[in-house]
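Produce the entire structure from the sequences given, and follow the hints as far as they go.
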Amino acid sequence: MSDVLLIRGAELWGPGPDGMPGTGARADVLVRDGVVAEIGAVSAPKDAEVVDADGLVLLPGLVDLHTHLREPGREDAETVSTGSAAAAAGGFTAVLAMANTSPVTDTGEAAERILDLGTAAGLADVVPVGAVTKGLAGEELAELGLMARSRARVRVFSDDGRCVQDARVMRRALEYLRPFDGVVSQHAQDANLAGPQACCHEGEISGRLGLPGWPGVAESSIVARDVMLAEHTGGRVHVAHVSTAASVDVIRWAKARGIRVTAEVTPHHLALGTELVTGYDPVYKVNPPLRPSEDRTALVEALADGTIDAVATDHAPHARHDKEHAFADAAFGMLGLETALSVVADVMVQPGRLTWSEVATRMSVAPARIARLASHGRPVAVGEPANLVLVDPAARTTVDAAASQSLSRNNPWHGRTLPAAVVATVLRGRVTARDGRALTAEEALA
Amino acid sequence: MTRHLLSSADLSREEVEAILDTATEMHDVQRRQVKKLPTLRGRTVINFFFEDSTRTRSSFEIAGKWMSADTINLSAKGSSTSKGESLRDTVQTINAMAVDALVIRHNASGACQQVAQWVDASVINAGDGTHEHPTQALLDAYTLRSHLGDLDGRHVVIVGDLTHSRVFRSNVITLKTLGAHVTVVAPPTLMPSGIADWSKADGFATAWDLDEVLATGDVPDAVMMLRVQRERMSGGFFPTPREYTVGYGLTRPRLTALLARNPLALVLHPGPMNRGLEISADAADSAASVVLDQVSAGVAVRMSVLYHLLAGSEGAAA
Amino acid sequence: MPRPDSAPTSPTFSSAPPAQNPSPPLDPTGRDVLGATDIARCLRRIAHEILEHNKGADDLVVLGIPSRGVELAHRLVALIEEVEGARIPVGAIDVTMYRDDLRSQPTRAPRHTDIPGGGIDGKVVVLVDDVLYSGRSVRAALDALSDLGRPKAVRLAVLVDRGHRELPIRADHVGKNLPTSHAEKVQVRLSGHDGIPDVVRIAGGEPQAVRA
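Protein chains in written order, with UniProt numbering: chain A, 1 to 446; chain B, 1 to 318; chain C, 1 to 212.
It is possible that part of the hints are untrue.
What the hints assert, rightly or not - Taking lysine-lysine and the BS3-like style, the derived pairs with C-alpha atoms no more than 25 Å apart in a straight line are:
| hint | chain 1 | residue 1 | chain 2 | residue 2 |
| --- | --- | --- | --- | --- |
| 1 | C | Lys152 | B | Lys36 |
| 2 | C | Lys55 | B | Lys35 |
| 3 | B | Lys65 | B | Lys36 |
| 4 | C | Lys185 | C | Lys55 |
| 5 | C | Lys55 | C | Lys176 |
| 6 | B | Lys200 | B | Lys176 |
Stated by the list, open to error - Here are the computed distance ranges between Cβ atoms for each label pair:
| hint | chain 1 | residue 1 | chain 2 | residue 2 | range |
| --- | --- | --- | --- | --- | --- |
| 7 | A | Ala401 | C | Ser181 | 55 to 63 Å |
| 8 | C | Leu167 | A | Glu275 | 55 to 63 Å |
| 9 | B | Leu148 | A | Ala401 | 48 to 56 Å |
| 10 | A | Glu275 | B | Trp208 | 25 to 33 Å |
| 11 | C | Arg103 | B | Ser12 | 19 to 27 Å |
To be verified - Sample of chain B residues lacking proximity to chain C, with all beta carbon distances greater than 12 Å (derived):
| hint | residue |
| --- | --- |
| 12 | Leu40 |
| 13 | Thr54 |
| 14 | Ile94 |
| 15 | Ala96 |
| 16 | Val119 |
| 17 | Asp152 |
| 18 | Thr163 |
| 19 | Gly179 |
| 20 | Ala201 |
| 21 | Glu231 |
| 22 | Arg232 |
| 23 | Thr240 |
| 24 | Pro253 |
| 25 | Leu310 |
Don't read these hints as lab results, they were simulated from the structure.
Where is the CB? At the ideal position from N, CA and C, for every residue including glycine.
See the structure below:
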């Protein structure tokens with residue numbers, strides 16, 4: 001592969017050199033030595049690999065604040081390598097790997113190991129998320145400072161999969177992280193209101209199906225508590241996978257008050273509804289659960305108006321033998337990396353709720369800023385790191401679970417036809433995926 | 001008729017009536033010296049119980065045996081969650097032995113519906129979590145019908161822990177299918193979520209005050225008392241068993257009030273009863289009580305269900 | 001099919017008791033082989049034969065095979081009682097659960113079995129059916145009887161014997177022998193059961209001479 005890449009005639013929708021939103025102006029982008037070398041009408045250098053980008057959208061590489069890569073511990077469900085491949089295929093150049101592995105990422109050494117596995121895989125920057133508490137037990141703070149000071153430079157901390165229940169522990173974490181500019185990404189779920197049995201949205205459908213319900217208030221009450229703690233401590237709180245209209249209201253109120261709160265929403269909470277659990281198919285079992293349309297409408301509006309800062313996948317691969325149980329016994333979670341951009345295009349871009357420029361903000365700029373990633377979510381400008389994704393907005397693809405780069409098949413989008421497709425993903429000037437397939441190590445080096 | 005019986009909603013009125021009519025004939029067979037019919041000779045029925053149950057399992061077992069099916073009981077308590085083998089693996093292993101029917105009791109709602117997608121055998125729901133228990137609803141309807149005749153326009157009151165009751169969920173469907181009016185009574189903490197919309201959509205009434213339901217409005221033809229599970233008593237759903245009895249038990253004064261309005265009213269209970277909690281000994285042993293009829297109907301109804309699901313040619317029945 | 005005319009014509013979930021079941025229409029192209037007076041004459045003769053063979057009405061129990069066999073059984077008993085002046089126990093024996101062709105048929109609802117109070121132990125049971133064809137219904141009835149008790153003897157009375165036996169079974173009393181082809185249908189209608197005048201009609205297949 002050539003070290004020089006010329007992307008010819010793409011619509012530039014990422015922020016420009018001045019940080020202003022992209023306007024979709026057409027230009028050629030020349031990438032050399034991992035950085036953007038030239039923008040405008042560029043004649044192809046002799047040694048350049050040329051990509052014809054006529055009619056394609058160029059965005060900064062996507063950043064996922066919320067990915068489960070399962071390594072170490074459950075390499076039968078996903079590895080850093082296969083998860084990175086899924087990320088590249090989906091247009092991501094950086095993913096934040098959640099800490100609920102086995103062992104838990106709660107030390108500097110554990111964080112560095114994840115970082116190194118990601119570097120070895122070479123398909124996306126894999127940035128570890130550190131646990132807030134030791135072993136995710138919710139009792140004692142993990143070594144937050146050592147993780148922050150490690151080579152992995154951990155800035156996002158989360159007990160995701162579990163909520164930091166104890167208000168005092170949450171308060172201490174928010175306070176302690178201030179010198180590191182760290183953020184607590186909270187899985188907001190009051191364990192008394194929505195215990196371990198709660199497996200779908202509490203409402204008419206859960207009542208009819210006889211499934212233990214997970215009421216929306218179990219989320220919004222924790223969000224309310226956490227924004228008050230953030231205000232009190234001056235710390236930064238990030239609300240993971242917001243799923244209810246009430247949580248959105250609390251976040252909107254908190255932002256207006258100047259509280260340092262950010263929030264993410266998953267593609268599945270934007271697009272899929274609680275009625276899907278009617279057939280008891282565990283592929284639709286996810287935490288927080290799929291919600292009714294009133295909540296989805298509020299989430300879509302909040303993402304459009306910026307109350308929700310970012311889209312994050314909560315990509316949660318599971319082996320078949322962990323999903324093919326009775327609904328109540330099956331594992332929570334669904335795949336998301338490869339389909340996220342298409343779902344956002346379907347729910348937000350096609351109906352006119354977001355421009356591609358705003359997609360760049362919600363899926364790259366904002367998540368990179370929240371995670372304090374210096375080289376991602378940058379303007380498409382000369383001298384910037386060439387972390388890019390090229391999207392065909394006119395493509396339509398029918399999702400095939402069997403074709404996934406993930407090791408797992410718990411794909412709720414299987415069989416659905418979605419708009420927009422990733423044509424190429426570029427990490428520091430190197431193509432990591434083409435047409436929805438991550439390149440193998442051999443291809444990448446060829 | 002469908003190949004499976006997963007939910008009471010699978011059955012049309014015509015089908016429910018056919019099952020109950022056949023059950024009447026099967027009930028006659030039970031009174032004979034030779035109770036065995038050759039009808040399902042050569043068929044294999046597996047009673048696959050992931051949750052303990054004495055009465056439902058033995059009733060299915062007797063029903064199968066009296067129809068001459070080879071019935072085998074399997075208990076798999078806890079194995080579904082044991083690491084390594086999924087529920088799908090477990091049931092497909094059994095299905096591979098060329099069985100004709102799987103009677104499944106599972107502690108998780110929806111398990112039977114999932115299993116039906118993974119196996120060739122007919123699947124009969126013998127109770128799935130807090131979801132449904134269609135054969136219980138059929139035997140309750142059988143019992144009601146044998147005393148009241150046609151259930152069209154009859155008023156049945158169901159009282160108790162609705163949230164966790166599969167008996168309630170199936171009964172409300174079957175009773176509505178047969179044209180009965182249904183009122184369900186429970187404290188707000190034991191009402192399933194969303195029941196306000198659900199009851200409106202499905203056409204049944206809800207109430208918090210049992211005395212009001214018994215004393216005013218539509219005269220009850222039958223009152224079905226649901227069992228209060230032991231684990232609910234400490235689950236914070238109501239303060240104390242004593243308070244539950246005062247609010248929702250079928251006490252002697254309530255039975256008297258009921259019978260004063262309708263001397264022919266019936267009292268049902270799916271069993272086993274917590275005497276003194278949801279039902280007083282007076283009510284349980286009164287002439288109005290048809291609890292033992294319910295038990296005796298269980299075998300006949302399950303014989304009928306096995307017959308209707310298994311006897312005919314595949315795909316021929318509508 | 002052993003009993004071509006008693007099988008439900010549509011593959012629906014057969015549920016209603018026979019009286020409410022609308023009878024399938026008579027084939028208008030068929031020809032009537034027995035009318036109401038012929039049928040009455042046949043039954044009268046059979047009633048006499050039964051009494052003659054049994055040397056009176058002692059120990060007789062008459063059981064019809066649903067659905068039309070039950071009406072025939074009641075008519076026979078009325079005729080016997082007319083002659084004997086004594087009450088004869090009459091009932092019905094359903095054979096649905098004993099059939100050997102359940103798997104090849106849509107599920108059919110069983111009919112009511114009604115054994116008279118005195119039971120069948122030590123009795124002479126006369127089974128009554130409308131049409132004798134393969135003999136499989138009678139085989140099923142014999143099995144059903146053996147689960148209900150132990151009769152001293154079992155006899156078989158049928159209105160029509162159309163031949164084509166598949167089992168070693170013969171009738172003791174036959175109203176009319178009707179040689180037929182397999183392609184033909186024998187349709188029996190009885191006023192009490194079907195609400196139309198009594199008739200036996202042959203329909204379909206190649207026309208064939210009726211032996212008197």
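Taking the hints in turn, this is what the structure says about them:
This hinted pair checks out: Lys152/C and Lys36/B have alpha carbons roughly 22 Å apart, not beyond 25 Å. Simply put, Lys55/C and Lys35/B have alpha-carbon atoms about 34 Å apart, too far for the 25 Å limit, and the pair is violated. Between Lys65/B and Lys36/B, the direct Cα distance comes to roughly 7 Å. Compliance with the 25 Å bound is thereby established for this hinted pair. This hinted pair does not check out: Lys185/C and Lys55/C have alpha carbons roughly 36 Å apart, beyond 25 Å.
At most 25 Å may separate the alpha-carbon atoms for a hinted pair to count; Lys55/C and Lys176/C meet this at roughly 23 Å. Simply put, Lys200/B and Lys176/B have alpha-carbon atoms about 13 Å apart, close enough for the 25 Å limit, and the pair holds. Look at Ala401/A against Ser181/C: about 58 Å separates their beta carbons, and that is inside 55 to 63 Å. Between Leu167/C and Glu275/A the beta carbon distance is about 57 Å. The supplied range of 55 to 63 Å therefore holds.
Our hint of 48 to 56 Å for Leu148/B and Ala401/A holds, since their Cβ atoms are close to 52 Å apart. Between Glu275/A and Trp208/B the beta carbons are some 28 Å apart, a value that agrees with the proposed interval 25 to 33 Å. A beta carbon spacing of about 23 Å between Arg103/C and Ser12/B agrees with the range 19 to 27 Å that was offered as a hint. For Leu40/B, the condition that its CB be more than 12 Å from all CB atoms of chain C is violated, with the nearest at approximately 9 Å.
No Cβ of chain C comes within 12 Å of the Cβ of Thr54/B; the nearest lies about 28 Å off, and the non-interface call holds. With 12 Å as the threshold on Cβ separation, the claim that Ile94/B sits away from chain C holds: the shortest Cβ distance comes to roughly 22 Å. Even its closest Cβ contact with chain C, about 22 Å, leaves Ala96/B beyond 12 Å, as expected for a residue assigned away from the interface. No beta-carbon of chain C comes within 12 Å of the beta-carbon of Val119/B; the shortest separation is about 20 Å.
Non-interface status of Asp152/B relative to chain C is upheld: no Cβ of that chain comes within 12 Å, the nearest being about 16 Å off. Non-interface status of Thr163/B relative to chain C is upheld: no Cβ of that chain comes within 12 Å, the nearest being about 34 Å off. Look at Gly179/B: its CB is around 16 Å from the nearest CB on chain C, clear of 12 Å, so calling it non-interface holds up. In this structure Ala201/B is separated from chain C by more than 12 Å, as the shortest Cβ-Cβ distance comes to about 27 Å.
No beta-carbon of chain C is positioned within 12 Å of the beta-carbon of Glu231/B; the least distance is around 40 Å. No beta-carbon of chain C comes within 12 Å of the beta-carbon of Arg232/B; the shortest separation is about 39 Å. Annotated as non-interface, Thr240/B keeps its C-beta farther than 12 Å from every C-beta of chain C; the closest such distance is 48 Å. With 12 Å as the threshold on Cβ separation, the claim that Pro253/B sits away from chain C holds: the shortest Cβ distance comes to roughly 42 Å.
With a least CB separation of 9 Å from chain C, Leu310/B falls inside the 12 Å interface cut-off, contrary to its annotation.
Comparing the model with each earlier hint shows violations of hints 2, 4, 12 and 25; every other hint is respected.
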